[in-house]
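Each chain, letter by letter, is given below.
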Amino acid sequence: MIVTGWTPRDRREPALVHPPRSPIGSKRLRSNTRLTLVLGVWFAVLLPARAQAEPTVYRFGAGSKSGGFTQISNALAEGLRATEAPFELDIQHTDGSCANIRRLLRGEIEFALVQYDVAAEAFQAGRTVAAPEAEATDGESRQGGFMCRISSAMAKGVQLRMIAAVTDGAVHVLVRRPVQLDSFDRLTDHRIYIGTRGSGSFETARVIVGAAGLTVDKLDRLDADGGDAFEAMRRDEILMMLRTTEPGDRQISAAVADGIATVNPLPDDVLERLIDAYPYYRVCEIKANTYPGMEYVVPTVCVSTVVLTVLPPPTDEARRLEMDAAVGRILTAIDWVEAAPAHEGLQVHHRFRGFAEREPIPVHSVAETVERLEFRHRLLWAFGSLLMVTAIIVVVRRLLQRRGLLKDPLESGIEGQLSNPLIPFAGFVAVVLSATFMVWSLEHDSNARVRTLTDSFWEMNMFATGNFSTDSLKTSSARFIGATATIGGLGLLAWFTAALTSIFAREEMRVPWRLRNHIVILNFREEMLQLIRMLRSPGPLRSRAIHVVVSDALPKRVRLHLARVKGVTIYRRNPEIPEDLASLRIPRAARVIVLNRDAEAKSLYHPLRVARAVHQACSRVASAGIATRPKLGKTGFSVAPAQHPALASEDGSDGASLPITLVEATADEPSEIFEPFREWIVPVQGRVLADRWLATACVDPGFAEIFNGLASFREDNAEVYTASLPPWFHGKPWRSVRRTLCALEVRAGVVPLGIYRAVGIHAYESGATARSSPQHELQKRLIVNPPLDLRIGPEDRLLAFAENEADLLAVLRLSRRAASEPEPPHAD
Amino acid sequence: MVIVHWTPKAQGLVDALLGASTRSPALGPAVICLFQGGLPPSHADNARVRFVRASPVNENLDALTETFRDIGIERARSIVVLPAVHVPESDAHSRVTCLAITRACEGKRQPNILVEVEDPDAAYEFAGVGVSTVFHSGYLRAALFAHACVDLGVFQFVYGLLQGRHRVRLIDVPPSLRSQTFGVAAQTMETDERGHPIILIGVQVADDNRLVINPGPRHRLDSVLGFLTLGGP
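Chains as they are written, first to last, in the working numbering: chain A, 1 to 828; chain B, 829 to 1061.
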């Protein structure tokens, strides 16, 4: 068959000639088809067709008949046939990489499979200028010191080119069980096997023991093939085997499965020296479970097997073109082998770069073209994916914005996020992750400390937290990245710490678990410190969280005093701005107290405006939660629909509602100013009540003492509480309740005063307050000194004097027996 | 009743006192207001209120004392000393005013003196000047708001006390209950002499005339001067 050139017509669709494949290979086939078509076009356009007589068989250097190189070679030959290449391979069985490289250098073969360390050494030998006396007297070059005894004279003038790296071999350190070797220092004391002389595995092992400071001559070596070596190990004749082979090798698998040997990691010092001296290897690992029972990762070094060729002399253009075409076909065959399920066990995966720390052998021009095309293809694919993702994000974002699900951009400005500790934390994570990937990509081949992404991650964590070390990273680029990670990480950690410190130091520490059934006091002034003291008195059972909004006019000493009170959170806000009240969760509050202005401190906040802000703050929560839009008011602004206030003297309701709000009103303002809010606000005219107090005390001198006793939570029996009446009182007359409780000589005793009717869960129905006011409704619920025949209902609460609330509840619990006794006849 | 340091802002107090007073106008004004400076035209003497100009105590203590004597302050049922305005230390000013009252009443019946202070910490300064009650309006507001936060029912009760809807009175102990305990008395006494429901809430002890609310069910009544009762207005 005469090869006239390589045209697209010479190639058919791989799907037409290949045997049926599994879907696993179909994706690769499609990419291979595109690649092949491109190559075909390239050759058809750029290379003129020549009708010449060309060799139809190319000599291909493999390995031993049963070795891995031969299997790969056979697969390539099959691939060439399958892809209807116009030539065939003459697979030549040799001793391995050393024989192949020598034959290539001598021009005895056109292509060969060579272990990359051997190939690179041969290439380096070719670049070294040989001394004239290097030529042996018989015309043969003397043995050199490069791998496989290659000398510079042998390689002189030979232009080695790499077509592709096809497989990876990992250095396996097999040690007879139960021995574990962590050092090669005493290797000479034991019989070992390091491969067949002349093979790449042998050369690699030679270099490894050299890195351990030993020479092959000093070793007690078993000189046999691999199979015999395994038998020897089974017979305990050798302690260790060094083999460079693909992970998952069947012989090793069998040995490990039979418990003959274990796979040991290369000693760290040997590994480091090996990589430093011979950059043709790369740091890698044998993954866990590669061999039966191997549940851990084994760090080692890997070396690739490459398809090598030699460039024809520059003057022989025709030969060059022919070889170029052949290289193209071989690349196609490699693709075919890669995709063929039948050859999946060979683990063929082509690479042009990135398989060693340093790759001195130039890539063949045809392979370079293929590499560029592949790169463009990947770039296009990545760009297309990015475009698609960006388009999806834009569309989703527009949808969310239209539905109002995205936050107002005014609320999420960058300035507002500077004090958010999550931002520097996220930045720290980003620095560590990006440094992880960059350092790993730079040094994963050559640095055992960043062999895997996980190793690199923890290493970069150390760097980012200030533990910079030049020993950890080898290259300048990696060290620069590490230094940047250190500086950036420390800066971000400082920012994170400052943000956290700011949060804890601020008086407005947010405690979300205290924002339910809490008390909110707005426009606090110094005079009301007594209120805080009373709320923290020991008398009441329940101690609610208190959230106090203060103005800048409040003296600092008062703020400091407040800060020392348990369960008090201070906010320096403007209580007239509804947004400032949002974080107080007012709808969930049990009580809201709006205080009047402090005239002396010239506070600017008016209780009416504060009440408006409270109303607006609750309306916004309500309108966000309900399906219907709030009604428009007369002013054209939306107003909240009427809300049911929270339970009187009990917990706040779950839904958004206007809480029971007390506003401190003054005599200077007309009571009508709170008219718009009369359905939910309880105005407390402090001055009017003070005047009445004074007047009552003037008329009744004992009033002051009595009022003081019951109003303050002092250490006596005069505290007033309400408590639910237990079921045994339901339906009974008030007289019965009175007598039962007065007769109980338990604890400090209680004095029943009356009944408070908290009907249902609402303190007052909105319908009722439409005709009156909350205060009026609450007033109607209280019956002091009720008629003696008033029947007790299930919702009635007892109003009574007691030592404290717990005492009142205890007395009620103890009243069961007394309540069941028959009533004595009462005197009329 | 006498109001010292009256200003137009204290008109609410005047109205409250007039509402609480049962004094017949034929017996003279129910409230006498001592003021300083000028009297606004809207305020003038009437059958129930009389306005008297008094010298500031920091200018002439003797003149103020004399004014007190002139109005017969020793016959007042109660005297309310309000914080003086336009003075740097109104509470100290009030204390000296109380001294003037005490001087004016020397040798005679000491009326019930109530002082409203601006600084609650100044309350102890009024010991020994004949003051029976020191009042701070902030305390009252704080108490009201505190009870509203703790228990709305109690808030309503306290509010009702202030509004006058509930009244606490002192009544005599019936002889039949002298040998009993407070618990028995509370069970027994259900109506007053007019047949209205009452509740016994405490006692006045004989030792120091002190009023004790809820003395306990076992408290003996043999040394009790009277019962504290809670009833309607």
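In case anyone wonders, no lab produced these hints; they're calculated from the structure. The beta-carbon is built from N, C-alpha and C at its ideal position, and this holds for glycine as well. Wrong hints could be hidden among the right ones.
Unchecked claim - The calculated SDA-like cross-link candidates involving lysine to any residue, where the alpha carbons are at most 25 Å apart (straight line), are:
id, chain 1, residue 1, chain 2, residue 2
1, A, K287, A, D268
2, A, K732, B, V1012
3, B, K837, B, S918
4, A, K556, A, S537
5, A, K732, B, E1018
6, A, K780, B, E946
7, B, K837, B, E946
8, A, K780, B, G1060
9, B, K936, B, T895
10, B, K837, A, L239
11, A, K780, B, A848
12, A, K780, B, Q991
13, A, K732, B, G1060
14, A, K218, A, L239
15, A, K780, B, G847
16, A, K732, A, A806
17, A, K780, B, G992
18, B, K837, A, D268
19, A, K780, A, A723
20, B, K936, A, K556
21, A, K218, A, G248
22, A, K732, B, T1016
23, A, K732, B, H1024
24, B, K936, B, G856
25, B, K837, B, A951
26, A, K780, B, V877
27, A, K780, B, D1036
28, B, K837, A, K732
29, A, K732, B, N888
Stated by the list, open to error - Coverage of chain A stretches by chain B, computed from C-beta distances (three or more under 8 Å per stretch; other residues unrestricted):
id, segment
30, 681-687
31, 778-789
32, 806-816
Said to hold, decoys possible - Chain A stretches covered by chain B per the calculated footprint, using a threshold of three residues with CB under 8 Å from any CB of chain B:
id, segment
33, 270-281
34, 587-593
35, 696-708
Do the hints match the structure? See the list:
Of the pairs offered as hints, the one joining K287 (chain A) and D268 (chain A) holds, with about 17 Å between alpha carbons and a cut-off of 25 Å not exceeded. For the proposed pair K732 (chain A) and V1012 (chain B), the alpha carbon gap of about 20 Å is at most 25 Å, so the pair holds. Simply put, K837 (chain B) and S918 (chain B) have alpha-carbon atoms about 16 Å apart, close enough for the 25 Å limit, and the pair holds. At roughly 24 Å between alpha-carbon atoms, K556 (chain A) and S537 (chain A) fall within 25 Å of each other, so this suggested pair holds.
Of the pairs offered as hints, the one joining K732 (chain A) and E1018 (chain B) holds, with about 17 Å between alpha carbons and a cut-off of 25 Å not exceeded. This hinted pair does not check out: K780 (chain A) and E946 (chain B) have alpha carbons roughly 35 Å apart, beyond 25 Å. Between K837 (chain B) and E946 (chain B), the direct Cα distance comes to roughly 15 Å. Compliance with the 25 Å bound is thereby established for this hinted pair. The suggested pairing of K780 (chain A) with G1060 (chain B) holds, with an alpha-carbon distance near 15 Å, which does not exceed 25 Å.
Using a Cα cut-off of 25 Å, the hinted pair K936 (chain B) and T895 (chain B) holds, with the two alpha carbons roughly 16 Å apart. Of the pairs offered as hints, the one joining K837 (chain B) and L239 (chain A) is violated, with about 109 Å between alpha carbons and a cut-off of 25 Å exceeded. Only pairs whose Cα atoms come within 25 Å are accepted, and K780 (chain A) paired with A848 (chain B) is accepted, the gap being roughly 24 Å. Proposed proximity of K780 (chain A) and Q991 (chain B) is supported: the alpha carbons are some 14 Å apart, at most 25 Å.
In summary, the hint linking K732 (chain A) to G1060 (chain B) is supported, as the alpha carbons are separated by about 23 Å, within the 25 Å threshold. Among the hinted pairs, K218 (chain A) with L239 (chain A) is consistent with the structure: their alpha-carbon atoms are about 16 Å apart, no more than 25 Å. With a C-alpha separation of about 23 Å, the suggested pair K780 (chain A) and G847 (chain B) falls inside the 25 Å cut-off, and the hint holds. Of the supplied pair hints, the one linking K732 (chain A) and A806 (chain A) holds, its CA atoms being roughly 24 Å apart against a limit of 25 Å.
With a CA separation close to 15 Å, the supplied pair K780 (chain A) and G992 (chain B) stays within the 25 Å bound. At roughly 93 Å between alpha-carbon atoms, K837 (chain B) and D268 (chain A) are farther apart than 25 Å, so this suggested pair is violated. The suggested pairing of K780 (chain A) with A723 (chain A) holds, with an alpha-carbon distance near 18 Å, which does not exceed 25 Å. Straight-line distance between C-alpha atoms of K936 (chain B) and K556 (chain A) comes to about 49 Å, which puts the hinted pair past the 25 Å bound.
For the suggested pair K218 (chain A) and G248 (chain A), the alpha carbons sit about 30 Å apart, so the restraint of at most 25 Å is broken. Annotation: proposed proximity of K732 (chain A) to T1016 (chain B) holds, straight-line Cα distance about 18 Å (limit 25 Å). This hinted pair checks out: K732 (chain A) and H1024 (chain B) have alpha carbons roughly 21 Å apart, not beyond 25 Å. Taking the CA atoms of K936 (chain B) and G856 (chain B), the gap is near 21 Å; set against the 25 Å cutoff, the hint holds.
Of the pairs offered as hints, the one joining K837 (chain B) and A951 (chain B) holds, with about 23 Å between alpha carbons and a cut-off of 25 Å not exceeded. With a C-alpha separation of about 35 Å, the suggested pair K780 (chain A) and V877 (chain B) falls outside the 25 Å cut-off, and the hint is violated. Under the criterion of a C-alpha separation no larger than 25 Å, the hint pairing K780 (chain A) with D1036 (chain B) is inconsistent with the structure, at around 38 Å. Simply put, K837 (chain B) and K732 (chain A) have alpha-carbon atoms about 50 Å apart, too far for the 25 Å limit, and the pair is violated.
As the CA atoms of K732 (chain A) and N888 (chain B) are separated by approximately 67 Å, the hinted pair breaks the 25 Å bound. Only when three residues or more bring their CB closer than 8 Å to a CB of chain B does the claim for the segment 681-687 of chain A stand; here the count is 4, and the claim holds. Closer than 8 Å: that is the beta-carbon criterion, and the segment 778-789 of chain A has 9 residues meeting it against chain B, so the requirement of 3 holds. Check result for the segment 806-816 of chain A against chain B: violated, 0 residues qualifying (beta carbon to beta carbon below 8 Å, three or more required).
Counting residues of the segment 270-281 of chain A whose beta-carbon sits less than 8 Å from any beta-carbon of chain B gives 0, not enough to reach three: the coverage restraint is violated. Residues of the segment 587-593 of chain A lying with their CB closer than 8 Å to a CB of chain B number 3, which satisfies the three-residue condition for coverage. Figure legend: the segment 696-708 of chain A, annotated as covered by chain B; annotation consistent (12 residues with Cβ-Cβ distances under 8 Å, at least 3 required).
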